[in-house]
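Engineer: Letter by letter, the chains look like this.
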Amino acid sequence: MIRYTVKRLLLGAVALFTVAILTFFLMFLVPGGPFLSEKTPTKATLAALEKKYGLDQPVIVQFKNYIINAVQGDFGPSMKQRGRNVKDIIGERFPVSAKLGGISVLLSLALGIPLGCIAALKRGKWTDNTILVVTTIGIAVPSFVTSIVLMYILGLKLGWLPTFGIEKVSGYVMPVMALSFYPTAYITRLMRSSMLDVLGQDYMRTAKAKGLSPALCLFKHALRNAIGPIVTYLGPALAFTLTGSFVVENIFTIPGLGNSFVSSITNRDYTMIMGTTIFLAALLIFFNIISDIANKLIDQRIQLN
Amino acid sequence: MKNLKKMLTIAMILALAISVAACASAPPAGDVSSAPAVSEPAPDDNSAEEPAAPPAASGNELNVCVGPNPDTIDPALNSSVDGATLIIHAFEGLYTLDENGTPIPGQAESVDVSEDGLVYTFHLRDGLAFSDGTPVTAQTFVDSWLRAINPETAADYAYMFESIAGYGEAVGDGTADFNPDAFQAVAVDEKTLEVHLVARTPYFLELTAFPTFSPVPIHVIDAEGEAWATKAETYIGNGPYKVTEWTPSAKIVMEKNESYWNFAALGPDKINFALIEDDMTQLTSYEAGELDFIDAIPQDEIDRVSAQPDYHKEGQLGTYYVSYNVTAAPFDNPLVRQAFTLAVDRDYIVTNIGKSGQVPAGAFVPIGLTDADPAKEFRSVGGDYYDPTAAGNEANLAKAKELLTEAGYPDGQGLPSITYVYNEGTGHQSIGEALQQMWGELGVTVSLESQEWATFLNTRKNGEYQVARNGWLGDYNDPISFLDMWITDGGNNDAQWSNTQYDEFISKIKNSGDQAERMQLMHEAEDVIFGEWMLCPIYYYVDIYMQKSALDGSVWASPLGYKYFMYAEKK
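In order, the protein sequences belong to chains A and B. Position 119 (the first sequence) corresponds to 119 in this note's numbering; numbering is contiguous. Position 148 (the second sequence) corresponds to 148 in this note's numbering; numbering is contiguous.
To be clear, the hints were calculated from the coordinates, so they are not data collected in a lab. A few of these clues could be false.
[Stated by the list, open to error] To spell it out: a stretch of chain A is covered by chain B in this simulated footprint if at least three of its residues, at any positions, have a beta carbon under 8 Å from a beta carbon of chain B; those stretches are:
#1 20-33
#2 56-66
#3 199-212
#4 260-269
#5 285-295
[What the hints assert, rightly or not] No more than 30 Å apart at the CA atoms, straight line, and that leaves these computed lysine-lysine pairs for BS3-like:
#6 B:Lys508 to A:Lys157
#7 B:Lys256 to B:Lys570
#8 A:Lys43 to B:Lys510
#9 B:Lys571 to A:Lys39
#10 B:Lys231 to A:Lys39
#11 A:Lys168 to B:Lys571
#12 A:Lys157 to B:Lys355
#13 A:Lys64 to A:Lys87
#14 A:Lys80 to B:Lys461
#15 B:Lys461 to A:Lys52
#16 A:Lys220 to A:Lys125
#17 A:Lys157 to B:Lys461
#18 A:Lys39 to B:Lys399
#19 A:Lys51 to B:Lys401
#20 B:Lys231 to A:Lys51
#21 B:Lys571 to B:Lys256
#22 B:Lys270 to A:Lys168
#23 A:Lys39 to B:Lys570
#24 A:Lys52 to A:Lys122
#25 A:Lys80 to B:Lys231
#26 B:Lys313 to A:Lys39
#27 B:Lys313 to B:Lys270
#28 B:Lys256 to A:Lys39
#29 B:Lys461 to B:Lys376
#30 B:Lys461 to B:Lys508
[To be verified] Incomplete in silico selection of chain A near chain B, CB under 10 Å:
#31 Lys39
#32 Asn250
#33 Gly256
Quick reminder that beta carbons are idealized off the backbone N, C-alpha and C, glycines included.
Take the sequences, apply the hints, and build the full model.
Structural biologist: Printed below as a string of C-alpha cells:
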C-alpha cells in the first residue's frame, strides 16, 4: 500500500511537470498578450512592462525561471492584477470556492446516495420513474440555467434570498443549489445502476436465502459493494467542485477561484494561467490517488497496481 | 416502461424549453467600450408593472455597482472607467469636476495662470492630509506625478503628462535613465505648486482632475510597493471617501474621510460598491432593490427598461467606427474606402441594433467637445463629412456605387474576398451582419469573422485584417484626444495609416498656444482623415445606467463616464 502510494505520487509529479510544460508553451502560442487593451499603451510603456515581468527574455529562459521559482513556492506576480501575487490570489480565493464546493458535494452525497438506493429498490415503480425524470433534468440542464432560474424566482420575484455575495448565510443557498444539482443527479443515477448491479449478484441472493433481514442485506452487503463507482467519481469531481465554477461564481458574485481560471486566459495573464492550471492539476492528481486508495479500503477485491 | 418514456419526453422538452429561455436572456460578453444593444422586440414582462422596489439601503448608505473587480485602483496605473469612478472617490486632484463637467477647485484653492498660459501656479488649501493624517503638500503632487511618468511604473496613462514641460527629457527614449529633474512641475513651498507647460493647454485644469494626476501616499508606497493599492489598510487616499473594506470580486466599502477639506458637505456615510461581473445579475439585484445604481444594462433588456424613469442616458465622448486596414487590398484604395463608408445606413444601426439613443456619426470627432468659441461645439463647426441620417441614405448609396465603379469594381466585380473581423458579443455581431447586408447592396460579398477579445486586439494592432470593428473613448474634453492616435506609427493606429501632412498638423497643434489656431488646425486634420476616408464612423457612444429616482440630481456622470456619488442624497 505504501509502495503503491509513493509510486502514484511520483507519477503524479511527472504528470504535473508535463502539464506545466504544455501549458507554458501553448500559452505563448496564443495570440495577444497581457498588456493589450482597447487603448494600446505606448511602445515605451509596453517595453517597460515586458521588462518588468521578464517577457522580454526568450520563452525557454522564462520557463526555466518560472520552474525554478515555482519549485520554491513562488508563482510570480499577476500580470493583470497589479500588485497581487498569484499565490496570494489563489490562497485568498480557493477557501471561498472550497467551502461552497465542499457543502455542495456533501449535499449531493447526502441526497444522491439514498435517492439512488431508493430508485434501485423501487425499480420500475413511480418513485423510480420520478427520480429518473428529475435526474435527467439535473444532468441535462447547465448550471447557468439553474442559476438564472433560481435567481429570478427566489431572488427577484419572491425576494427571499440575496442576489449577490455570500456575506450572509442565506447567500449560500442559491449557489449551493446551483452547484449541487448536477452532481446530485449524477450520483443518484450512478448509485442506482451500481445498486441494481449488486442486487442482481449471486451473493445477494445467497444472503437473502440465508434469511438475512432486508435492511442488513442492503447496508452490510449491497451498499458497501455498490459505493465503488461513487468513490471513483468523487475524485475528479471534488477537484473540480472545490476549485469553483466560473458560471455560478460569476452569476452570484462569489469571490472564489472559479472565475480566475477563465479570466486569466481571456486576460492572457500568463502567471495566473500557470498558477491556476498547476493548482487544479495537482488537486486532480491528489484526489484521484485518494479515491483509488479509498476504493481499495472499501472493497478488498480491488488490486492496486 | 411506456409511462417512463412519456415522462422522459416531457422532461426533455421542459429542459430544452428552459435552456432556450435562459439562452435568450443570457448576458452577452462585451468589451470595455460600451457595446451597442441588440434585442428582440420587448416581451410583455410583468416585472415592469410591479411597484417600484423600496430603496435598497437603510439609513445613509448607498449601494451601487459600477463594474466588476477592478484590475487595479492605483491612480497611476488604472486605465478603466469603473476603476476611475472608484479612484475619484478615494482621491482628489488639484481640481475636480462639477456636475457640468467644469473643473472646480479641489485640493487647490486657486490657481494663477501666466498671461501666455504656460505657467500654472496652484495654491493648495490649508491643512490638507491623507486619511492617515500625513499632510498633502505641493511636493506630494510632484512626487506622485513623477511616479506616474517613471517608466519603471509602466503606467498606461503616463503620456497624459506630456503637456508638462520636461516630460520628454525626463522619460527619455527608454534607453537613458529616468531624469526626474527635467520635469517642470516644482514645489515652490509647501502650499505652492508651479507647473510649466510645453504650449498653452486649454484643458490643463481638466487634466488635473484626471485620476492619474491624483496625489498618492508615497510614504506608504515606499514601504509596500505596488501592493499598497490592493488592500484597504494601505490604500490611503486624500479624497472625500476612504476605502474601509475590499473583498476582491465581492465589494469595496467606502466611508466618509474625516480629514477631507469639504467633509461637512459630503453625502452618504457609507458607499458599498458591489463588484458584480455579470450584467444580468446587476439588473436583477437592482430590480430586487438591493442596489441603488447600476452602470451596465444587458443588451436584451434595454428595450424593456429604457421607458422607465430610472433609465438614464448621457452623452459620452466616444466613437464606434470601422477600421480599414489601408495597407490591405482592396482598402488600399481611398475610393473603395469612401464607397464602403457611404454605403452604411447608420440610422438603421442605431435604431434597430444600438437602441439606446446613440447618434449616427458623420465624422470621427464626436459631439460634446467644445470649439475655440466655448459656446460652440467642435462638431457643429466642423459639420459632417456626409449625411449620416436616414435622409441621406439614398444619395449616399448612389454615390457609393459610382465610386466603386470609378475604382474599377463596377457592381463590386473584381473585388477580392473581404472579411469583417469583430470581437465576440451580440451587439458587435449584429452590427457586422448589418454591415454585411449594407455592403452587399454594392454587390460586395463580405464574410464575418468573430474573434476572442485578446486575439482580436492583437489582430487589429498588427494589421492582420482588412476591415474590423473599432471604438475610441476620449480621455479629455479636447479633439486632440481623438486625432492624436492617427499619427504615423501611433500605438492605436490600427488602420496602419501614415500621412505626413497629418503628422505635421498634429505636431503643430501640440505646440500651438492659440486656441483659435489649434481648433482650425484640428478641423483641417480631420479633413485629411476624410480626404482619404481612412475610417468609417458608425455612431457616437452614449453612457446608459439605472439610478433610483430618489438620487436624481445629486449623482452625476462626467463625459468620460465617471460617476460621482460623493454628494448623493436620497430625497
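Engineer: Look at each hint and say if it fits the structure.
Structural biologist: Hints, one by one, checked against the model:
| no. | hint | verdict |
| --- | --- | --- |
| 1 | 20-33 | holds (count 4) |
| 2 | 56-66 | violated (count 0) |
| 3 | 199-212 | violated (count 0) |
| 4 | 260-269 | holds (count 3) |
| 5 | 285-295 | violated (count 0) |
| 6 | B:Lys508 to A:Lys157 | violated (60 Å) |
| 7 | B:Lys256 to B:Lys570 | holds (16 Å) |
| 8 | A:Lys43 to B:Lys510 | holds (20 Å) |
| 9 | B:Lys571 to A:Lys39 | violated (39 Å) |
| 10 | B:Lys231 to A:Lys39 | holds (27 Å) |
| 11 | A:Lys168 to B:Lys571 | holds (29 Å) |
| 12 | A:Lys157 to B:Lys355 | holds (27 Å) |
| 13 | A:Lys64 to A:Lys87 | holds (19 Å) |
| 14 | A:Lys80 to B:Lys461 | holds (19 Å) |
| 15 | B:Lys461 to A:Lys52 | holds (22 Å) |
| 16 | A:Lys220 to A:Lys125 | holds (24 Å) |
| 17 | A:Lys157 to B:Lys461 | violated (46 Å) |
| 18 | A:Lys39 to B:Lys399 | violated (34 Å) |
| 19 | A:Lys51 to B:Lys401 | violated (51 Å) |
| 20 | B:Lys231 to A:Lys51 | holds (26 Å) |
| 21 | B:Lys571 to B:Lys256 | holds (19 Å) |
| 22 | B:Lys270 to A:Lys168 | holds (19 Å) |
| 23 | A:Lys39 to B:Lys570 | violated (37 Å) |
| 24 | A:Lys52 to A:Lys122 | violated (65 Å) |
| 25 | A:Lys80 to B:Lys231 | holds (16 Å) |
| 26 | B:Lys313 to A:Lys39 | holds (24 Å) |
| 27 | B:Lys313 to B:Lys270 | holds (26 Å) |
| 28 | B:Lys256 to A:Lys39 | violated (33 Å) |
| 29 | B:Lys461 to B:Lys376 | violated (35 Å) |
| 30 | B:Lys461 to B:Lys508 | holds (26 Å) |
| 31 | Lys39 | holds (6 Å) |
| 32 | Asn250 | holds (5 Å) |
| 33 | Gly256 | holds (8 Å) |
In summary, the structure is inconsistent with hints 2, 3, 5, 6, 9, 17, 18, 19, 23, 24, 28 and 29 from the numbered list given earlier, while agreeing with the others.
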